[in-house]
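Take the given structure of chain A and dock chain B to it, following the hints.
Take a look at the letters that make up each chain.
Protein chains: 2
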Amino acid sequence: MTAQRILLIVLDGIGDRPHPALGGATPLSAARTPVLDRLAREGVTGIMDTIAPGIRPGSDTSHLALLGYPPEGCYTGRGPLEAEGNGVRMRPGMVGFRANYATLDPDGLVVDRRAGRIHGTEPLSKAIEEGVDLSSFGVTFRFVSGVGHRAALALDGEGLGDGVGSNDPKHEGVPPTPFEPATDRAEDAKTAAVLNELVRQARPILFDHPLNRERLAQGLPPANEVLLRGAGRMGDFQPFAERYGLTGAVVAAATLITGIGKVVGLETVRVEGATGSIDSNLEGKVRAVTDALETHGFVLLNIKGADESGHDGRAEQKRDFIERIDGALASFLDLPGTVIAVCADHSTPCSVMDHSADPVPVLIRGEGVRPDRVDRFDEFRCAEGGLHRIRGRDLLPTLLDLIGKAHKYGA
Amino acid sequence: MTAQRILLIVLDGIGDRPHPALGGATPLSAARTPVLDRLAREGVTGIMDTIAPGIRPGSDTSHLALLGYPPEGCYTGRGPLEAEGNGVRMRPGMVGFRANYATLDPDGLVVDRRAGRIHGTEPLSKAIEEGVDLSSFGVTFRFVSGVGHRAALALDGEGLGDGVGSNDPKHEGVPPTPFEPATDRAEDAKTAAVLNELVRQARPILFDHPLNRERLAQGLPPANEVLLRGAGRMGDFQPFAERYGLTGAVVAAATLITGIGKVVGLETVRVEGATGSIDSNLEGKVRAVTDALETHGFVLLNIKGADESGHDGRAEQKRDFIERIDGALASFLDLPGTVIAVCADHSTPCSVMDHSADPVPVLIRGEGVRPDRVDRFDEFRCAEGGLHRIRGRDLLPTLLDLIGKAHKYGA
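Heads up: the sequence lines are chains A and B, in that order.
In case it helps, our numbering puts the first sequence at residues 8 to 418.
In case it helps, our numbering puts the second sequence at residues 8 to 418.
Looking at chain A on its own, in the form it has when it is part of the complex (with noise of 0.2 Å):
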């Protein structure tokens, strides 16, 4: 019988290299998985460039590969995903930013980059879309808050480039950077000129904010000014259902991987207390996602915490966190009809302290596949398997066929 559904889990950044205080493992390799290895024993193996050997994957690029929407053709920035993420329904040919908001002290430098990581800013993002006028450029914008200090901008109009530098001065003691065109193209020019314009009618805004006035009386630093980066113009993104012919939905903790389940079509199934880091709800996660199978094709589960545990360079915390996610997948052991396949979207090596171009581990198992001898999800022993070494974008159209739904290239 074939399988009627996919599973794709994404631990995000697990892969990693040998490291010193695991005696030479990886936090994968000396960690205990046995679901992750009986997954590894009952399919085949194999290792994957999410992107290409070589080239370091953002968690962007890398997720749109694995989903068969290879980047090159439609990535030009992380903002737009952020903005879908944060709730902009974005249209093809929009710009969008990641936002920050941040603070300025009375001589204009910027103090906190994160406003003392404030919670709750919706009331100032709705100030400044209320607030702010780019009319006069012809120009309309979306400006709305994701999770603690961080935002989203979307811009609207004719003639609006992404071709922009960032204000974000990186470090603090210094005044915002204006915005800079990165080409002598006009569309660039305009857009820098709108961000200027955007930046300078927001500041007296935010000053006056009720909320902002009652951080200052409670000695917290008032997020002040907004910080923007990742400029990329939205893509023409076809539809997962109608692209694969079968309904998706994506459980995720972080904005930026809902943001590309909206952008392609996946509905996001919220989960309580999925944070993202290592204290997540693991459980519910898994729970959502049985349910989500009930209705759906295709699901896409991002588990976020062992990249962070990469990117602080925590070593035994990360294999620690690995051992927790593979408790936590049990019960996927036993679902019916489900090819699952399990995979990074990266390598976040704790010696490096961000994501690397070292390719990551993948297993599919399910009805139809051909196992290997690989008994064990790791990086060493899936670098034997019987996948040998893929791309991301080869993934999904591998999981399709096993569906039944992969199409006939010719006759």
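Treat the hints as calculated values from the structure; they're not laboratory data.
Among the hints, a few may not be true.
Since copy identity is lost for identical chains, a pair holds within one copy or between any two.
The calculated BS3-like cross-link candidates involving lysine-lysine, where the alpha carbons are at most 25 Å apart (straight line), are [stated by the list, open to error]:
#, residue 1, residue 2
1, 177, 412
2, 177, 415
3, 133, 412
Coordinates of chain B only, in the frame set by chain A:
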């Protein structure tokens, strides 16, 4: 700790096929190579198509790919690289050629395509540069001597194409072939006319030259003709340091390889006694590499002798020279902070006596590498390695990632 430097060792033409004289082994698998084997054991191995499966690479195209300049975008022929290697500063758009000095008999027939393997042709090249006038075409040129009978020509001017044949008849006892354009394009017709005129004017200059009169007096074949081939248009190469953020050097005997190095901006390190043959001063090259690594983030070492044995079809000689190479590499085992990659630019099977498309073995050893179980550097065992099968263009990005010089694609 992440490594900071890359040493790329290209064992020119070392790949081979099973050979009856070696009981079905390849020269590399028959050789005793404790140093290469230790690097393989401590590192990760694989096989590599320097261009693509089934494509027989030239040394030029493969080295360009290995340096991260895939030749499809920047290579139209070997001439410009030879000209650079011989000291001509080629600007984008100039057209370059490989040249041989040859001998014509009184009837105008080619009787020696290498003019008795003449050495010291600099006075002849100087006479051509001073005596030949192409100004009626609006063209200036350089004609420079290389090693032995070899030389290079570079044309500079408007409307010159690189689609032109050779005047080398390939056989002796026949006259040189007139230059013919390879297409209907006016640029190619112009280049053919320029070359015919250059050869016409060069003949009497060479005929009367004291150096040739002296050779005739000594009973040696005079160098009274130039044969040109390998037409190519100089590409626009982004300098290596700008492209990758680290300075590079090249240690190689072959003009072609140092020429490629110059084209992409690698510093040429000269080594006394480096011949490109099996009598080369390997120890001197290894010392030069170690010194260059003190001041450069990237060093390319090319060792050519095994390729020569392959072209000559001498399997045992190739095996023995590989053992000499192995011994010379021993001092690299303890290089601090360096990622070492060892590979070939192509296979040169003794049974083929030319380059072949067989993939070459490759190993990468250094901090951060995920070792596989392969403990032998040869064509058979490396095919079981953790890198699987990569392309030449994938190698440098992979090495850059290991020293923290890769850029993130996305966020």
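Structure-based check of all given hints:
For a Cα distance limit of 25 Å, the shortest separation of residue 177 from residue 412 across copies, 20 Å, qualifies, whereas the shortest one inside one copy, 46 Å, does not. In this assembly of identical chains, the alpha carbons of residue 177 and residue 415 lie at most 25 Å apart only when taken from different copies (17 Å versus 50 Å within one copy). For a Cα distance limit of 25 Å, the shortest separation of residue 133 from residue 412 qualifies neither inside one copy, at 44 Å, nor across copies, at 41 Å.
Checked against the numbered hints given earlier, the structure breaks only hint 3 and satisfies all the rest.
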